[in-house]
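Undergrad: So the chains spell out like this:
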Amino acid sequence: MEKPERLIVDGKRLDGRAPDELRPLRIKAGVLKRADGSAYVELGRNKILAAVYGPREMHPRHLQQPDTAVLRCRYNMAPFSVEERKRPGPDRRSVEISKVAREALEPVVFLELYPRAAIDVFIEVLQADAGTRTTGITAAAVALADAGIPMRDLVAAVAVGKVDGTIVLDLTSEEDQWGTTDMPVAIMPRKKLITLLQMDGHFTGEEFRQALSLAFKGCEQIYEAQKQALRERYSVKREEGE
Amino acid sequence: MEKPERLIVDGKRLDGRAPDELRPLRIKAGVLKRADGSAYVELGRNKILAAVYGPREMHPRHLQQPDTAVLRCRYNMAPFSVEERKRPGPDRRSVEISKVAREALEPVVFLELYPRAAIDVFIEVLQADAGTRTTGITAAAVALADAGIPMRDLVAAVAVGKVDGTIVLDLTSEEDQWGTTDMPVAIMPRKKLITLLQMDGHFTGEEFRQALSLAFKGCEQIYEAQKQALRERYSVKREEGE
Amino acid sequence: MEKPERLIVDGKRLDGRAPDELRPLRIKAGVLKRADGSAYVELGRNKILAAVYGPREMHPRHLQQPDTAVLRCRYNMAPFSVEERKRPGPDRRSVEISKVAREALEPVVFLELYPRAAIDVFIEVLQADAGTRTTGITAAAVALADAGIPMRDLVAAVAVGKVDGTIVLDLTSEEDQWGTTDMPVAIMPRKKLITLLQMDGHFTGEEFRQALSLAFKGCEQIYEAQKQALRERYSVKREEGE
Amino acid sequence: MMYEIVSTVKRDYIIDLARQGKRVDGRALDQYREISVEKNFVEPAQGSALVKLGNTQVLVGVKLERVEPFPDEPSSGVLIVNAELLPLASPTFEPGPPDENAIELARVVDRGIRESKAIDLEKLGIKPGEEVWAVFVDIHVLDHDGNLIDASALGAIAALWSMKPPDVEDWKLPEFPISKKPVAVTIAKINERLMVDPCLDEENVMEARVTITTTEDGSICAMQKGGVGCFTPEELEAAYELARAKAEELRKFIG
Amino acid sequence: MMYEIVSTVKRDYIIDLARQGKRVDGRALDQYREISVEKNFVEPAQGSALVKLGNTQVLVGVKLERVEPFPDEPSSGVLIVNAELLPLASPTFEPGPPDENAIELARVVDRGIRESKAIDLEKLGIKPGEEVWAVFVDIHVLDHDGNLIDASALGAIAALWSMKPPDVEDWKLPEFPISKKPVAVTIAKINERLMVDPCLDEENVMEARVTITTTEDGSICAMQKGGVGCFTPEELEAAYELARAKAEELRKFIG
Amino acid sequence: MMYEIVSTVKRDYIIDLARQGKRVDGRALDQYREISVEKNFVEPAQGSALVKLGNTQVLVGVKLERVEPFPDEPSSGVLIVNAELLPLASPTFEPGPPDENAIELARVVDRGIRESKAIDLEKLGIKPGEEVWAVFVDIHVLDHDGNLIDASALGAIAALWSMKPPDVEDWKLPEFPISKKPVAVTIAKINERLMVDPCLDEENVMEARVTITTTEDGSICAMQKGGVGCFTPEELEAAYELARAKAEELRKFIG
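Chains as they are written, first to last, in the working numbering: chain D, -13 to 228; chain E, -13 to 228; chain H, -13 to 228; chain W, 13 to 267; chain V, 13 to 267; chain F, 13 to 267.
Treat the hints with care, as some may be off.
Simulated DEER-style distance windows between Cβ atoms [to be verified]: (1) W:Asp37 - V:Gly108: 25 to 33 Å; (2) H:Glu(-9) - F:Glu249: 49 to 57 Å; (3) W:Asn52 - D:Gln214: 21 to 29 Å; (4) D:Arg31 - E:Leu99: 29 to 37 Å; (5) W:Glu106 - E:Arg224: 44 to 52 Å; (6) F:Asp84 - H:Gly134: 44 to 52 Å; (7) W:Lys264 - V:Glu219: 57 to 65 Å.
In silico SDA-like cross-links for lysine to any residue, where the CA-CA straight-line distance does not exceed 25 Å [to be verified]: (8) H:Lys(-11) - F:Lys129; (9) F:Lys129 - H:Glu193; (10) W:Lys139 - W:Leu91.
Rather than coming from a laboratory, the hints here were simulated on the basis of the structure.
All figures in this text were calculated on a predicted structure; none of them were measured in a lab.
Quick reminder that beta carbons are idealized off the backbone N, C-alpha and C, glycines included.
Whenever a hint applies, use it, and build me the whole structure from the sequences.
TA: Have a look at this one:
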């Protein structure tokens, strides 16, 4: 695809959104049978599945921590999730994303309740548009809650950036590719704390402040959708007498 | 090599055999010093060595089973065993063959006698014609017996297939390459039970029945040669006062 | 670089040295903070760092030896240490050098004093001229002493070879590449014992005797520099009241 | 496929049910769990299908990529089947390269497609000797409640039948060259009884399984026995009849 | 970066110091340890720099090699940053391929260089579509006493500014095309306090860190939060001001 | 080569025998075990040899394959030696990529062939800069009862002397270009005594070994000390004399 002349025309983005508008968002909790908790999130064309196993026995044993559970996280893209087939298995990008996603989620989990245990979070990108790491974190937080793991707060995440000189919320792949800046942010919505922050591109100090503030705004909306998904899941569980 | 016009002429195969005839077969038990049991089999141009170690301590320990020994199997082709040099190390084909070979042998071994132990079977293809997996299983069964491991029965194995519309026993590489169907079968000869079955190509239901029956016939002959090799081995051992 | 017509002219080598002369040598002990012992050696254009950790707990545990420590050694070249970038990670050459370096050092270490422990030696080639394995062993011996590990003797090492028909000490890369023979030797200087010997190229029996004798001569000089470096290190430590 | 530790009580219960011709989830011996196939689930793939077999979920995506041909078949396309037993699908699956179970799964699905000649690979050349199309069939196991082979094989063939031709100049064919519908049917043996589509509880206690892949005319293109038990010849003949009959039912979901 | 086990006494001491605005080694919160940068340490590399940040030592070497370009940028050079956490640098580093810490380190350094557009990669083509220059930046960690990111980023940009053009015919540029000096500043958070350049003892007790890479004009080209704690928006704004100020100091060492 | 745990009694016995100039299997110190070399054991290889040295069995196969040349030697063939310590050969060998023992074995054999210039690699070009012959020497260790180096080196050179030229048009040489017969002789040191061809029991107690590879004229082309003990210069000179004498005996088996 050629670079479009402009990515924002008359205050509207290529897909018709306003700069501070999220893509269509759909969250469903409890979508897998085997996992202890799970969630499926669509954000724009992203289709992402998260599953949680645990607390469970930690293997290998020498990684057990006597006073806390260990949170592990694996972010993975399906070979067919992107235009050019991705070779299966971890690459450097997915290893880094797995690390920052774990660090984004860990602050909300009461790990100290489960000494020696492991809690495993798996994020599977089935179809990728931009923002897979933040959407994956959003899904993982719901999956953790669905697994019944005690949490201080949820984690909601979204990317913000700069496109044609404008600070925008929730970049598409075109905006990510042709825009100036991409800044993924994860937030504990109730406590207003930032648990993930990455950025590449170009921001002045003032732009950074604006972008951060827009990220908070976007995460609020995502947080509402997360809570709604968990309420729906809970009512289904209750009906089923679980 | 070009595909020959016909693979069966006047009821004879390219190497002169009748459709229901095995290639020349030679089995020798006890050919290695270090292994607990071993066997060498030539079937046509196949040259295959099998060795057994165990029952021995299982490493890594977390794979130990409290109520049974674990049978492990590794099928491997020497780099010089085929026309084009094979890179050392397991590939997908050899991993699958190792699995089905283990499942073909396991039904005859009294694993429950050796809790926590490992029994390791190694199949080395030194020179490959077609039928290396079945010939390897045939060798491995003799090596297990040579190692003195209690067994319910032997396992004899052979491939059958369809070539020029005829059901044939014990395919050569040419027949495997240019024929229609290849079906490796392993059998417990005394109990008449099938422990390995794979097939690719084309069979009608009726052809499948015929082929299975021919496989039983071939395995009977192989079984006789296995028993003969073990008798010879036993008499040598007795002479040596082992 | 083209092969020069002659590598020795009027009894002098391309860098002006006599056949039995070492390249400029500099040894410094105690150059790293985290390691238990360390040394930095420059020999000609070689820049080599060695570090020692231990005696420390052996992981994985099943490698612990009940009656002795285990000495481990890893020789590694930095990607930028040679003309053509070296891919990170061990290759066959570095695995072999790690083995022979360990075997060259092990005779001088009182391993039996530390049952179940590991002593780890790391040799890092930052800039390579010829003779990195011997220079690395020279550095490692100083690092072991700097770590306070009880030793029977030091180990001094150097390569000798044959260039333009002359037996020479301490080959440069040009001499290694265009000469006839390369023979790395490591020696326990006080006990006059050879702990490393490798050779490739061409020697008559008589040349081998000469070369071995020249290696001893070179190692004597290296040994003096090693002792000097340790004396300097000791006096610094004393001043610092360590 | 993966043998999990099952309580002795549950094991005995399932085995005893089998003796009575019954199953743990109330199905008949020759009855599949509820099947659904959602095609075109994934946009970046040329073809895809999300298959649910009861609680088992497998997503298969197919992508076409340009590759060098094999030297002995310079103008023929290439079929590559890969399976990932994702750790999110089961507590027994671990991250890492495909283990023997994933490899067997991929290879059994591969043989069903390849040996039935479902895809006309000859038509997938681009420049002979230089470039051909590779058909990457990626099996992504999302939720493992047993019988991954049948779910994966069904997903693969359904995805192949949903292929959109790539939007490039040198693609000359009107559509993706597929012509057959091989279907894998797996039959488990428990306590001398044969039953189709084993769920995970059944896989954990079964003696052995056999997968028989048949095409529209009822002929067999691939078979694979698995597990550490045995079959009699008579059982295999009965299994073939079962496989042939059930394949007709499953084939309807390919679309 | 690597969390090591620290005695509770030491931990409490460092945390309590932070409350008082003090540090374990007597520095001010906004003070770096002693910095030295020795350029051209390694001859076979086109550029190199040995950086010491207190006891932390990192050697960075840069080599140019001819490679095939990426298909979507046929005339553009390629930047490859790799980091090795050598086992000689710390008792917690183990031999083997780069782990998540080494990969994060390399990628954070990479983004600082890449996103600042410090190197004009467009100028590093050779034959469009066939051959371009790859810039291999190898980070070799020799002694780990904390804050590897800042030491590595400083070493990388200093090594790039020391580049000697390769002595080959088809190199047409007067010098290596570098024009900017991005500098990474890492700020740790301990007991609600922000402090630059955490030493290892501080890294072991910090809640979180954030690395902010800025260029000469004070704008941000890369950021990375690390660790399992959180930041408030106000803390991040303060961190940015710190990063911008300290980068000016560090930039002097690039030369 | 591989150090196995030996009972103290056996160890003391072998060491004490050595003091008396005797060996555990009754051989003289300068005596090899029974040697047999069966050439052309494997048909798909251009050359092969099955070597037995007492109970030690090593099968070596040599194959020629077309490869790209190294850039610095565009018209020269390539020698590649690989050794596999198969787990069927010893309870101490484990499956997996070659470990340091396998790598050392391959490299010692490689150096003996390469440094003696036994093969005229210059003659193994095909199209300069594009294609040359690679000589793959694969050492397959079948039964390990000690002294794998000598068995493998003998197998490799015997296999190379048995080479059949490949049946292809662009092979122009009358025969495989081999002209020398380097032979490796390994001498173990036990209790101050030197002895050739250590069996496994001897390897398990030896202090050190040295392998000396010599050619027909008695000159040395490769040496390798192994093990954690030491040699005096006088011992190495004696080892050379032993190696030279025994190599003449072993050379007869190359054929």
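Undergrad: All hints, please: hold or fail.
TA: Hints, verified against the model:
Restraint check, aspartate 37 of chain W to glycine 108 of chain V: a C-beta distance of roughly 46 Å breaks the suggested window 25 to 33 Å. At roughly 35 Å, the beta carbons of glutamate -9 of chain H and glutamate 249 of chain F sit outside the given window of 49 to 57 Å. Distance hint check: the CB atoms of asparagine 52 of chain W and glutamine 214 of chain D are about 28 Å apart, consistent with the given range 21 to 29 Å. For the pair arginine 31 of chain D and leucine 99 of chain E, the beta carbons lie near 58 Å from each other, so the given range of 29 to 37 Å is not met.
Separation of glutamate 106 of chain W from arginine 224 of chain E is about 49 Å and conforms to the stated range, judged on CB atoms against 44 to 52 Å. For aspartate 84 of chain F paired with glycine 134 of chain H, a C-beta distance near 46 Å keeps the hint of 44 to 52 Å intact. Here the CB-CB span from lysine 264 of chain W to glutamate 219 of chain V is close to 58 Å, well matched to the stated 57 to 65 Å. A threshold of 25 Å between alpha carbons decides the hint, and for lysine -11 of chain H with lysine 129 of chain F the separation of about 19 Å falls inside it, so the pair holds.
Restraint check for lysine 129 of chain F and glutamate 193 of chain H: satisfied, since their Cα atoms lie roughly 19 Å apart, inside the 25 Å limit. About 17 Å separates the Cα atoms of lysine 139 of chain W and leucine 91 of chain W, which keeps this hinted pair within 25 Å; it holds.
Violation of the numbered hints given earlier is confined to hints 1, 2, 4; the remaining hints are satisfied by the structure.
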